[in-house]
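Q: Use these hints to put chain B onto chain A, whose structure you have.
Number of protein chains: 2
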Amino acid sequence: MFDSGLGGLTVLREIMKITPSENIVYFGDTARVPYGPRSKETIMKYTFQAIDFLISKNVKAIVIACNTATARALKEANEKYDLPIIGVIEAGARTAAYTTNNKIVGIIGTDGTIRSKAYNIEIAKIDPDIKIIDKACPLFVPIVEEGWANTDIASLTAKRYLEELMDKGIDSLVLGCTHYPLLKRTIGEIVGEKVKLVNPAKETAKDLKQILEDNNMLRDDVEEVPKYEYYVSDIPEKFAAIAEEFLKKEIDDIKNVEIQQY
Amino acid sequence: MFDSGLGGLTVLREIMKITPSENIVYFGDTARVPYGPRSKETIMKYTFQAIDFLISKNVKAIVIACNTATARALKEANEKYDLPIIGVIEAGARTAAYTTNNKIVGIIGTDGTIRSKAYNIEIAKIDPDIKIIDKACPLFVPIVEEGWANTDIASLTAKRYLEELMDKGIDSLVLGCTHYPLLKRTIGEIVGEKVKLVNPAKETAKDLKQILEDNNMLRDDVEEVPKYEYYVSDIPEKFAAIAEEFLKKEIDDIKNVEIQQY
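For the protein sequence lines, the chains are A and B, in the order given.
For what it's worth, this note's numbering labels the leading residue of the first sequence as 1, then goes sequentially.
For what it's worth, this note's numbering labels the leading residue of the second sequence as 1001, then goes sequentially.
Derived from the structure by calculation, the hints contain no laboratory data.
Each hint can be trusted.
Restricting the straight-line Cα-Cα distance to at most 27 Å, the calculated cross-link-like pairs of lysine-lysine (BS3-like) are:
id : chain 1 : residue 1 : chain 2 : residue 2
1  : A       : Lys45     : B       : Lys1040
2  : A       : Lys45     : B       : Lys1045
3  : A       : Lys209    : A       : Lys17
4  : A       : Lys40     : B       : Lys1045
5  : A       : Lys184    : B       : Lys1159
Simulated restraints on C-beta separations:
id : chain 1 : residue 1 : chain 2 : residue 2 : range
6  : B       : Lys1135   : A       : Ser39     : 27 to 35 Å
7  : A       : Lys135    : B       : Ile1254   : 19 to 27 Å
8  : A       : Glu79     : B       : Pro1226   : 48 to 56 Å
9  : A       : Ile251    : B       : Glu1076   : 33 to 41 Å
10 : A       : Glu229    : B       : Met1217   : 55 to 63 Å
11 : B       : Lys1206   : A       : Lys117    : 42 to 50 Å
12 : A       : Glu229    : B       : Thr1099   : 49 to 57 Å
For every residue, glycine included, the Cβ atom is placed at its ideal position computed from N, Cα and C.
The shape of chain A in the complex, shown without the other chains (with noise of 0.2 Å):
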């Protein structure tokens, strides 16, 4: 699996969950992120070069954990490998369309993610009735990676961010950027018990299971414990301390790989 820096760690941790035998390695081009400014032809590129990078590793199938490269290379990417390759915006749309009873979503996200209205096309081609509330949050991602997630700027930001998506009567609210799951909390305590927080990282997990399932991959009661490979592009000082705060647990292999030559 692969995402543009570190907030692929949340998909990573559903997935060690979910299917726990299975090896994985983990490429967070963190010298090139973020991607969401970027033309979708870079992000192709830089999808691309993940892609190679990890097949290189022989890896049986991708989950590209970066809403970014989801919405704009995902369909591309199938097209051209022939290894099952998931994103992580169909899982989580399914999801809050079938979580939904009012008909009213919103989703949350950053700029570029918010931008491409990626999830609101994943959902109109479940249930085209269902009315969608989206709002960029730029100051979540920061908010993380500082470890504030659970502090009263927290609080404050996501009160000022969701207000407007409260008053418009949202029943379910789509956590759409990998680093939010880590405000699921200070989320869930603004939103109240009454709104069902839909996390695309958990869902997609589900998602590889099946697929590895469906096609005989899946790699099950092996005693062996399984390995865990994590690769940057650039190793920003406080990757091990924010990676460790994602994952609930210690990182102590990462490794640097020279993306531009994949």
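A: Positioned in the frame of chain A, the structure of chain B alone reads:
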């Protein structure tokens, strides 16, 4: 002048005030913002492209209104080109060195600027005895871009970031990111009147005027209204709104430029 994005507009604002007769071409490399996480080679390439573009517009002097590009490419740009090119770091560092009485200076900026140690190096050249307390404040940029500079969120964030610097006894504080002058009031309330805020944008504008005078280039006492042209490599949705917040005046003419062609 150019910047990786919008932040340089705070520098433009100061230049407009101090040299009100000059025509100015502003280029914001909004398609490739932020420069912070990129390699020195990439930042040099982008900087030279921006300079070539500005030269094609017949400018007589260039201000690199971006801390990252100044730190990584100013020296090389001055070696390569003949016209005067100045950055935003030297003037701010010099002012800080002459402002401090107790020789304890605070520097705040983006992760990239703080990691580059560019202000520290410049200040040490003037007075190696000055003790520097630096701190990256990654939430400040998105707070400014949301238009939240004077909210409780900004105050709480500033308090959290600046506490440590206050505890260590700084008596002057360099606003080492072009976005930060918009947080001046909030930051000023937190640090109090005893801490002098150094705004590199203002100091750079003074330097520019001096250089234009020294080279007999200053356009003065001209009755004609000066012409301001704005170019960006990509127009983000909120560009005009944010730009007007930065400049405190209306912007009507924003053109797109294919910067890769330079």
